[in-house]
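**Q** Read off the chains here:
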Amino acid sequence: MATIGLKDILAIAEQESAHHHHYYIGVEHLFIALTKLQNGLTNAILEYTGLEPRFVRYSIRQTIGMNENRRFWPGFRETPRTSRVLKMAQKYAGLHTPSERDLLLAILDEADSVAVRVLQEVGADIPKLRQIAANWSTKARADVPDVPIDGYVDLNADERRVLQRMFRTHQRIVVERELAGSYGNTRLLVVQPMRPQRAEARVVVKIDERSAILYEKRHYDSYVKDTLPPTTARVLDNPSLPEDSPLGGLKYTLVQPLGSTNPIDLRAFADHATPEDIGRLIQHSVYQSYAGAWWSQRQRYRFGVWREYEHVLPAALEIAVMRPSTQTSYTEISPLGAWSRSEDIEIGQLVDLRDFTVQKVRPDKGTVQLSAGSGPEAVNRASKVEVIGLGDEVKEFRRGELVPRFTGRVIRRRKEILLEQAQWLEPLFDLTEQNLPAPAPLNSLPNPLLHVNNFLERRVSGYLSIIHGDLHLGNILVGPAGDAWLVDFALTREGHTLFDWAVLEVSLLCTVVGPRMPEGWDGVWGTIRLLEAVNSHNADLVSQGDPVAQALSPIITLRKVVEVNLARTQQWREYHVALMLAALRGLSWKNSASLDVRRLLFLTAALSVDYVLKAEKGVFSTQGMSELPTDGTGTRMPFDPMGGDTPMYERDSPDN
Amino acid sequence: MEPELIVKLMVMSGPDDGMEIILSHSKSGDPIPPGLLGRYTIGRRDNSDVCIPFDTLVSRLHATLQRRTDGLFLVDEGSRNGTFIGRRRVKDPESLDIGQMFRVGQTWLRVQSIE
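Line by line, the protein sequences are chains A and B.
So the first sequence is numbered by our numbering: it starts at -4 and just counts up by one.
So the second sequence is numbered by our numbering: it starts at -4 and just counts up by one.
Since the hints were derived computationally from the structure, they do not count as laboratory data.
In this text, all values refer to a predicted model and were calculated from it rather than measured experimentally.
Each residue gets a CB set at the ideal place from its N, CA and C atoms; glycine is no exception.
Among the hints, erroneous ones may be present.
Stated by the list, open to error - Residues from chain A shown here face chain B by an in silico Cβ test under 7 angstroms; the list is partial: (1) Tyr19; (2) Gly21; (3) Gly60; (4) Glu63; (5) Phe67; (6) Thr74; (7) Pro75; (8) Arg76; (9) Val109.
Stated by the list, open to error - Partner residues are not named here, just some residues of chain B that face chain A (Cβ under 10 angstroms, in silico): (10) Val6; (11) Met7; (12) Gly9; (13) Pro10; (14) Asp12; (15) Met14; (16) Glu15; (17) Phe49; (18) Asp50; (19) Leu52; (20) Met96; (21) Gln101; (22) Trp103; (23) Arg105.
Start from the sequences and build out the full structure, keeping to the hints where you can.
**A** See the structure below:
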């Protein structure tokens, strides 16, 4: 430690500043530099007080944001506040060069800096930090022995380190179960922490890629925390992020009484419960507990469907990287604009992407996912591009980083990706035809693949509210008294209210309906016939003793929730647009959903397209459903009767 | 003679973090609209009373501070990226208290004193 002086710290601060195109030295850059010192005092006291240096660093970076690459002055000028802090540090150092401790004390004493504001935001007690910093001696650092981990869940070394760091003050922990919400590299674990005399309340731990964990915690603090109903899972502690590990962990604390019991997720619950019980739970425990804070906000919202739903679909383009060259001409693609939903871009075309943000980095596959535009929110996640064949270069990309320019050749478009996914279904019909032949009485259904862009380009009137963003059965925990608790808030946001319900219906189709279907296309078509009866509110057909019909009962219950959240009474198109896109997403679940389930989702999408097209032709109004309003003379008004005079909700630009 | 009305602001982020700005009379020379005791412009333009030249998310005329008999008000002047108090976007004029932080573009400002 003694070998690192002020000069080195300033050099690290300049690096940090240059990386974000700031070109000035603020107190925030100085503080980040302190957290980058190996075995430094700053890291030691942050960790001692339960703050992860990495998370603090990440939060500061998120707060200050990134500038355009433009310099207004040479070198790195100090801000007025930095000058004050450096002067103060010199005062503490006396005749010596200021040490890390002098600088840290000066930063903590200059209470108004961005660094201190962020520290307070993430729960630091500044006077206490200062006191510890002033009195810290390296001897106080005793190496804590590894916490023993018991239980039957297989964990790899990185995952064990995340848990050990998270529970370092406990005597031991028992990892009781893995929840079904786990997917990909993400694991959701039920953990029982033990103290010498007693067992503590169980918690749910999510282990995921470090950047995903950092993002979720910051997102939770900024947007989710204050909107949760009183009884739910909460993220109270800082994430656990072991040094040199690709993984991180987040702890969901379950408010009593669920914490004292052994929670299971709704997907596991569904194995034993009757479909009716599942429906009741969704309506009474999930909907009614959260509606007040979330879904019932009912702000009028007129939106382009792509804004809310495009991100559930595969990337709009898959491109192979190519070095920019002046000899060739590129089609420039800017974040805004309908390029991702147009048919204009051809395979083989050279494209030049401007101002995209790195959304996902997959070192194992050598791919990077870019999303259009900058800023963390859903609007910008909508239009995605997948870059393939990067090899080792993927390591140069950091999630959340802005890529000003990227050139490549189009390999596939969303159309081809979806077509390939649909081919995996081994269809007995031609996937390029307008209509799919269907058994009587349906006879034919529109091919959903040919309606994707058209659906995304629609404008819909609905409600805006806070939504969970990924409401599948694995993210709903169930207590013994039938209470429900939601976990995983990484995608919680303000969005189309019906988004959550369309996603939940798809999850019910996968988990509750799918396993009860007879095998093969015949079983799937039989189920689709029943679902068609649900869509047209023909309850009689569904109430037969047939097990598939019974399995649809939670969906009928769910539709009651949807019904009261439709922007216009009995106008179900709003929901079927959502359901169609949510169902098509399931085509990519090759590893997690059975072939028949994916077939079911494909035809569910077809059925919803059918509904929307028929509703537009006014088919349902003859049945007294008044699907399209009339202007009094009997003339039907066009789709989207609210017209262009309704002000569209405009999203606030996200905080930097 | 009436005592001069002074508003002090502090820049709370960016390259000018920690700088104090004293607003006493309007630099831009615009006449003070009737009903106001003072009006100060915030923007990227050189002659703004609060000039924020280095933040490209700040509009040329971004917002104004309006001194009224019943306090100091923050008014967004149709800026592209918005004016915020905390996370809330300012739509109608909002009154500011001493110690309150607000944001234009990426730059945070705080009201130090109103005399």
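**Q** A separate judgement is required for each hint: does it hold in the structure or not?
**A** Against the structure, the hints come out as follows:
1. Tyr19: Given a least distance of 4 angstroms, the restraint on tyrosine 19 of chain A holds.
2. Gly21: holds, 5 angstroms
3. Gly60: Since the shortest Cβ distance to chain B is 5 angstroms, the answer is holds.
4. Glu63: Holds, about 5 angstroms.
5. Phe67: holds, 5 angstroms
6. Thr74: holds, 4 angstroms
7. Pro75: At about 4 angstroms, which falls below the 7 angstroms cut-off, the nearest Cβ of chain B leaves the hint on proline 75 of chain A intact, so it holds.
8. Arg76: holds, 3 angstroms
9. Val109: Given a least distance of 5 angstroms, the restraint on valine 109 of chain A holds.
10. Val6: holds, 8 angstroms
11. Met7: Holds - the Cβ of methionine 7 of chain B comes within 10 angstroms of chain A, reaching about 7 angstroms at its closest.
12. Gly9: holds, 8 angstroms
13. Pro10: holds, 4 angstroms
14. Asp12: holds, 4 angstroms
15. Met14: holds, 5 angstroms
16. Glu15: Interface hint status for glutamate 15 of chain B: holds (8 angstroms vs cutoff 10 angstroms).
17. Phe49: The hint holds - phenylalanine 49 of chain B has a Cβ within 10 angstroms of chain A, the shortest such distance being about 5 angstroms.
18. Asp50: holds, 8 angstroms
19. Leu52: holds, 8 angstroms
20. Met96: holds, 9 angstroms
21. Gln101: Constraint on glutamine 101 of chain B satisfied, holds at 5 angstroms.
22. Trp103: holds, 8 angstroms
23. Arg105: Status holds, d = 8 angstroms.
Every hint from the earlier list agrees with this structure, and none is contradicted.
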